[in-house]
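Asker: For the sequence shown, position 98 matches number 98 in the working numbering, and the numbering has no gaps at all.
Just so you know, these hints were derived from the structure itself, not from any lab. The model shown is predicted, which means the values in this text are computed figures rather than measured ones. Yeah, the Cβ is synthetic: ideal placement off N, Cα and C, and Gly gets one too. Take the hints with a grain of salt, since some may be wrong.
What follows is a set of in silico ranges between Cβ atoms, one per label pair, in the way DEER data are often shown [as the list claims (entries may be wrong)]:
(1) Ala106 to Val7: 25 to 31 Å
(2) Thr27 to Arg62: 17 to 23 Å
(3) Ser156 to Leu3: 46 to 52 Å
(4) Leu86 to Gly35: 14 to 20 Å
(5) Leu177 to Gly87: 33 to 39 Å
(6) Leu177 to Glu99: 21 to 27 Å
(7) Glu31 to Glu99: 31 to 37 Å
(8) Gly147 to Ser83: 14 to 20 Å
(9) Asn17 to Ala101: 32 to 38 Å
(10) Val198 to Gly70: 38 to 44 Å
(11) Val75 to Ala25: 19 to 25 Å
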Amino acid sequence: MDLDTPVTARDLFRRLNGVLPEDVAVTAVGEAPEGFDARFSALSRRYVYRVCDDPAGWDPLRRQEVLRVGRPLDVGRMNQAASELLGEHDFAAFCKKREGASTVRALLDFSWARVAPGLLEGTVIADAFCHSMVRALVGSIIPVGDGRREVDWPASVLAARVRDSAVTVLPAHGLTLEEVRYPADEELAARAVQSRQVRGEVYQRG
1 MDLDTPVTAR DLFRRLNGVL PEDVAVTAVG EAPEGFDARF SALSRRYVYR
51 VCDDPAGWDP LRRQEVLRVG RPLDVGRMNQ AASELLGEHD FAAFCKKREG
101 ASTVRALLDF SWARVAPGLL EGTVIADAFC HSMVRALVGS IIPVGDGRRE
151 VDWPASVLAA RVRDSAVTVL PAHGLTLEEV RYPADEELAA RAVQSRQVRG
201 EVYQRG
């Protein structure tokens, strides 16, 4: 953020935590390097989507961060389907359309693992994401995992480049942003300019 009046990092830290809701916490405050843009300077984002597919493994205390599904999921089939989506593609079929904005993205990783009985984690990494893209990608993989769709179905949806009503955009509560990677300080401004050009975004400050 840009501040109109000077404030120490200590005071800003205290004030932010004083107004934020209880489920959000600021752990550190510092001055960003020149040219830094939280959105456009980023190299990649890593999201994790958590799913429970076994009533015996359901933890009600995690109900706000894990999606519960009614059928057992085959991780092998899910990984096979997800791997066919990797690379740079036009992900229009998985994006909410925005006038003038590109839907071309580089999907760097999309993989699934069973981390505990009944609990799966889907890791999704890309240079950037369109609105609702991660939840739509996961929504295309779940029916492959439970056998309702063939392994090649998500790839066929991608190739069509048209939003498919058969793809469920899953609820947001199962999704967590876990990491955003940035280049070295001296490369931040150039990265931001490049990202805006590639995505066809218009930058407006203030």
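Asker: Compare the structure with each hint and give your call.
Answerer: Hint check results:
| no. | hint | result |
| --- | --- | --- |
| 1 | Ala106 to Val7: 25 to 31 Å | 38 Å, violated |
| 2 | Thr27 to Arg62: 17 to 23 Å | 22 Å, holds |
| 3 | Ser156 to Leu3: 46 to 52 Å | 49 Å, holds |
| 4 | Leu86 to Gly35: 14 to 20 Å | 30 Å, violated |
| 5 | Leu177 to Gly87: 33 to 39 Å | 22 Å, violated |
| 6 | Leu177 to Glu99: 21 to 27 Å | 25 Å, holds |
| 7 | Glu31 to Glu99: 31 to 37 Å | 35 Å, holds |
| 8 | Gly147 to Ser83: 14 to 20 Å | 18 Å, holds |
| 9 | Asn17 to Ala101: 32 to 38 Å | 34 Å, holds |
| 10 | Val198 to Gly70: 38 to 44 Å | 40 Å, holds |
| 11 | Val75 to Ala25: 19 to 25 Å | 33 Å, violated |
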